[in-house]
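Student: Residues per chain are reported as follows:
Number of protein chains: 2
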Amino acid sequence: MTVLPVEERSLDPIPTINHFDSTVDEKGLCLAQTLLPHDKVFGLGQTLGSLNKRGKLYRLYATDDPVHTPDKECLYGSHPFLIIVGANTFGLFLDYPGEIIIDIGFTDLDLLQIRINNCDIDIYVFECKRILDIVREYLTVTGSPYVPPKWAFGYQQSRWSYPDESTILEIGKTFRQKGFPCDAIYMDIDYMDAYKVFTISEQRFKNFEGFVDLMKREGFRLVPIIDPAVKVEEGYNVYDDGVKKGFFCKSARDGLFFAAVWPGFAHLPDFHNNDVRKWWGSLHKRLLEAGIEGFWNDMNEPSIFYTPEAVSGFYDIVEQMRHRGFDREKIDFKSNRSEFFEDIVQTGDDGISVPHNRIHNLYGFGMAQATVEGFNQYRPGQRYLLLTRSSCTGVHRIAGIWTGDNMSWWEHLLSHIRMLMSLSMTGFFYSGADLGGFGCDTHAELMIRWMQLGVFSPLCRNHSAMGTRFQEPWAFGDKPFDIMREAMRLRYALLPYTYSEYMRCVRELEPFISPLIFHFDTVDVEDQFMYGGSIMAAPVCQSNAKGRYVNLPSVRWLLWRFRRFDERDVAVYEPGVYYISAELDEMLIFIKENTLVSMTQPVDFIGHRTCKSLTVIGFVTDKATFTYYEDDGETFKYKDGSFSTLSITIEKEDDDYSIMLAKDEHADVPIEINELIFEIYDAQGHSICRRIVE
Amino acid sequence: MTVLPVEERSLDPIPTINHFDSTVDEKGLCLAQTLLPHDKVFGLGQTLGSLNKRGKLYRLYATDDPVHTPDKECLYGSHPFLIIVGANTFGLFLDYPGEIIIDIGFTDLDLLQIRINNCDIDIYVFECKRILDIVREYLTVTGSPYVPPKWAFGYQQSRWSYPDESTILEIGKTFRQKGFPCDAIYMDIDYMDAYKVFTISEQRFKNFEGFVDLMKREGFRLVPIIDPAVKVEEGYNVYDDGVKKGFFCKSARDGLFFAAVWPGFAHLPDFHNNDVRKWWGSLHKRLLEAGIEGFWNDMNEPSIFYTPEAVSGFYDIVEQMRHRGFDREKIDFKSNRSEFFEDIVQTGDDGISVPHNRIHNLYGFGMAQATVEGFNQYRPGQRYLLLTRSSCTGVHRIAGIWTGDNMSWWEHLLSHIRMLMSLSMTGFFYSGADLGGFGCDTHAELMIRWMQLGVFSPLCRNHSAMGTRFQEPWAFGDKPFDIMREAMRLRYALLPYTYSEYMRCVRELEPFISPLIFHFDTVDVEDQFMYGGSIMAAPVCQSNAKGRYVNLPSVRWLLWRFRRFDERDVAVYEPGVYYISAELDEMLIFIKENTLVSMTQPVDFIGHRTCKSLTVIGFVTDKATFTYYEDDGETFKYKDGSFSTLSITIEKEDDDYSIMLAKDEHADVPIEINELIFEIYDAQGHSICRRIVE
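Taken in order, these protein sequences are the chains called A and B.
By the numbering used here, the letter at position 492 of the first sequence is numbered 492, and the numbering carries on one by one without gaps.
By the numbering used here, the letter at position 531 of the second sequence is numbered 531, and the numbering carries on one by one without gaps.
A few of these clues could be false.
The list cannot tell twin chains apart, which means a pair is met if one copy fits it or any two copies do.
[What the hints assert, rightly or not] Result set (SDA-like, lysine to any residue): computed pairs, CA atoms no more than 25 Å apart in a straight line:
| # | residue 1 | residue 2 |
| --- | --- | --- |
| 1 | 546 | 32 |
| 2 | 285 | 329 |
| 3 | 72 | 441 |
| 4 | 72 | 440 |
| 5 | 546 | 57 |
| 6 | 330 | 161 |
| 7 | 479 | 108 |
| 8 | 330 | 189 |
| 9 | 178 | 107 |
| 10 | 663 | 640 |
| 11 | 652 | 254 |
| 12 | 334 | 440 |
| 13 | 546 | 520 |
| 14 | 330 | 317 |
| 15 | 479 | 36 |
| 16 | 623 | 377 |
Since the hints were derived computationally from the structure, they do not count as laboratory data.
All chains, full assembly: derive it from the sequences and hints.
Tutor: Structure below.
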């Protein structure tokens, strides 16, 4: 690893950065590298386009754009970590909180160009031969990934909006009545009083505290949305308090910055300042004391609908048009215009003013940090669920993200797959896209296929926009419902595997979701991924497909054509390329040769210590080991070693197998498994079963 | 074939339509059919979504929407022909010129529902077992496909805009200097004087007639755009004349319908009336007499930007907002609002008024018919190039279409492939999408892959929007240029095959571009297609892909991995599924077992009788026949039998082949081939060469 801090104003001499031609002009820094035709570029976290990021220009500038068409240059965050794989394999991390332009063979087919309008930037070049080592070095520098509470690995249901107690209660009841597992229900902006952050509509929630408690007893966590913009309204305590304390962002011209978002005109908290973050954290008191354990931070790019100046400018244009003639182009009024952000000034802990754009990509980070202040204050030591829409590198240590306002498009199901990989390699292990699609109307087939992908999405949340078709699992009739329920039962059945592997990846700084090329010498495969170390998912991502192409690299693979979690339809595949059928009620799950997968009985929601019986499915032609992991599932004590493991090793011995178990138990979290069932498959797909009872 | 005319107002009894449950209510007709899980539905011409049309709702109502995201329900035309393939295979054609809603498993997974708000509709059910027979029956009913002049099979270059003589001249010169074949250059709206249709800017074209002649001598046809809307401007002869003759559409309220498009406020010609069509045709006089041989009819859905009422409504809203507060949702001003169309009234030849919406989808057809009136008057007997953006079934007899304002998205390259198939099966043999993408910036790799697809797109036109990156073949540097030039030389080299097969398909009423499932018992393949009867194209349609999955059904296939038209890198593949590498400069072309392909030397532009030497590539394991076709390439005499054929049959005989030639020559169009070169490959990929000189 080479760390090359480039000091501000050190324009001369031009810094030397391994692998790059660097130039500095009055505008800032420009890096360029020629790419060979077969060089691949991975990384960039939450960005559109292919997994191999070549052939597109990326503008890393957090932006709320609700239409993710392929031409869009920016989304909600900035994750400036690149892995170049080819003749020279290396990693590159640009530690800079403002806008970064990364042009990977878009303007010039074989040229990677990076432009930053500033020289105050730290550049890290990771010189490792193995891709996984590059990721590990990057995570060593930027920090260990976020771990949510165990229940956050359950299915989560959202909608803009379930606006009141009775709606949420009804949704919850339906899940339980229909036996569809679910752990959380989200509350979108309508739970508030007039979109005033930290208020709860008393009309729609007569007894919020009691309601949170009631839902929790049924196994549902409620996850309220929190937006940063504070409504300008005298008498509203958050507004009054923020103004009095000087905690809102300033305008570059005069006074406070003033812009409209959901609540109408509002101020933006200045999260760049530690006092503001502590204050913001403290505002979560009522929600946290009511028993809320998770939030989603939205609109924190920040998103701005309009400013008073933009409105009066619009009126002027219309007035001119009345005389000069109508021009439909001129009235195309856009949110999040660059001039809005140019007007914002923030203030650091040192009291020094900073133009917002200089640190634009930190805004969501600051809001997440502020939220964590609240958790630490009111739920010290407890893990929390925190999702943030806007993020930058570093946020991956304290929060997960959902990928924003996607659409009910097949293209966005594929995008979900690619982003899961890109996000995981940039440290965002806990992330996911809105299953079924947020915008537009979804339909049964898309919903089913997306739910099947959701089984392998660390954040597994079904969310949809106001005005679109309802997309709760039962909204499409009995047959689709049954298929989705079986898929989601699989997710819950796989929890012992998922949680163990997630925590192993966190400890070992290895991406939890990863592309095949990180493990095998293979051609470009962008629609299959490793889920932990044993399972490869190959979701069907095309309309009307009754199967798909699958690329099986390097080793043998055991296909589990999934229909029900307690049924096995398995077959062994040699390395190669196949078209494998997968009816609408079938998923293609591949277990890598010489690995194990652990399962248990699915439940309605994730209890803390549910696992008494473990089923181990092994594909063993030689020897395989899996480390089952347990901790309390709800605190950070795992960081201090308060976790237990059960190492399971299976070795093939002529016509039989030897099974070795090794427990490493922490007193606080004893492993309570009293039954181990083994299903072991050999190279021919023949299986033996074993049962070990304690 | 069953023809079931349903008379208007014949609400009782409910008509019986084979395969469907039909109901009639006060709103019109509703058809429903349950689909089995493996039933497939093809057809619908120019629509978005997959080739198998299940899983989407289609609204057949011609609409100018420039953003073709997957959720959009309508595009520019209406092609209500469906092929249901499954337990019951049959075809369905709905002969109705107004809005048709076709919901194929979108609302309900297994239900096909059709809704037409009228009962005055002819419904055709084609009961054939073979898919190709269904298409043939449909084309027997609706008419034989359009045949453009031979030069229209060449490469065509467009841009919004090449606005003047010097720009066009420069473009033309560059093609010839760089040896990139090209037959036509398009003129977009800026050639006119203030967007006034049938004017030519005298400032930008000092001597239009001389310029057309000059370009033609260099082998370039100029293709001007024609829009329907006639600018309201006294003294402008088209306006004055149209008003005087009462040739414009009326308003349902009072007077003429009045709306703004490119020229500002304008009237729409009433193409429903034969006198108007004749008049409109006559307006092409100057252009046709100057030597123009082709037009593209744009904006003929018709597209409407706004009306005076919409503008004053907008001002009212803004005025209210000044007092009640700004609302960004309310100022979202949309083109082509439904109320615009509800106000239009047209008048038939019989003088009877018809609400426009009743015949909405005929507007583009009427304009195309009007244009053909012009061709017939000023170039009688001559073939013409005519593209229309809006179309309905029937237009396929007299014009080709381009698929409208696509984007520089990989998704739209795939969409191009699917639409080529859907359009061809609905009779639109001559069609194509804007290569490289119209909207957004394209880039080298996408442009190359799209140009490689363009080789097999009957209409092969590179077109892009104002404000986007230039995308002439030389705009991306030398390496991309060389690759694209080789691809386009292949197109020209293949002309003897393309033209022969196109004309065979027209004679035999067989789709020129077709899905594999029309010929083979195969799984769903939506990104490969038959181009005529011998060639299967498998374009690379993914970013950064250095190869692709290929499904090779039923027979052996000879892969020609194309780099240069005069090089052969071939291999024989047995039926199966493969991942086959294809570098950026390579195309995958498959020749079907026991078929032949004919080629010649590529030229800079298509002369009428260029073919003196023919190279026949054969993949012959048993026996193969190809019918080479020639006609004058420029008139309709081929319809009267004025064409010649050379039937070439190759039969395998032990270790050798016998070659049989049979000429069927028409005196007017003698076949002048004096050299025949044969390259014949056997099942092992071994080849022999033969040369026959006359």
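Student: If the cutoff is 25 Å on CA atoms, where do residue 330 and residue 317 land: within, between, both or neither? Let me know, please.
Tutor: So residue 330 and residue 317 pass the 25 Å test inside a copy (7 Å) and across (16 Å) alike.
Student: Quick one: residue 334 to residue 440, C-alpha cut-off 25 Å, is that within a copy, between copies, both, or neither?
Tutor: Both: 20 Å inside a chain and 18 Å across chains, each within 25 Å.
Student: Cα distance capped at 25 Å. Does residue 330 pair with residue 189 within a copy, between copies, both, or neither?
Tutor: between (31 Å within a copy, 21 Å between copies)
Student: For residue 652 and residue 254, with the copy left unspecified, which applies at a CA distance of at most 25 Å: within, between, both, or neither?
Tutor: So residue 652 and residue 254 fail the 25 Å test inside a copy (75 Å) and across (89 Å) alike.
Student: Between the shortest in-copy and the shortest cross-copy C-alpha distance, which are at most 25 Å for residue 72 and residue 440: within, between, both, or neither?
Tutor: both (18 Å within a copy, 9 Å between copies)
Student: At most 25 Å between alpha carbons: which applies to residue 330 and residue 161, within, between, both or neither?
Tutor: Cα proximity of residue 330 and residue 161: across copies only (22 Å, versus 33 Å in one copy).
Student: For the identical chains here, do residue 178 and residue 107 meet the 25 Å Cα criterion within one copy, between copies, both, or neither?
Tutor: Between copies, since 22 Å is at most 25 Å while 53 Å is not.
Student: As a check of your reading, is residue 72 near residue 441 (CA-CA no more than 25 Å) within one copy, between copies, both or neither?
Tutor: both (22 Å within a copy, 11 Å between copies)
Student: Give the relationship of residue 663 and residue 640 under a CA distance limit of 25 Å: within one copy only, between copies only, both, or neither.
Tutor: within (18 Å within a copy, 89 Å between copies)
Student: Using 25 Å as the alpha carbon limit, work out where residue 623 and residue 377 are close: within a copy, between copies, both or neither.
Tutor: Close neither inside one copy (48 Å) nor across copies (83 Å); limit 25 Å.
Student: From the Cα coordinates, with 25 Å as the cut-off, is the pair residue 479 and residue 36 best called within, between, both, or neither?
Tutor: between (50 Å within a copy, 13 Å between copies)
Student: Can you tell me if residue 479 and residue 108 fall within 25 Å by alpha carbon in one copy, between copies, both or neither?
Tutor: For residue 479 and residue 108, the Cα distance is within 25 Å only across copies (11 Å; inside one copy 50 Å).
Checked against the numbered hints above, the structure breaks hints 2, 11 and 16 and satisfies the rest.
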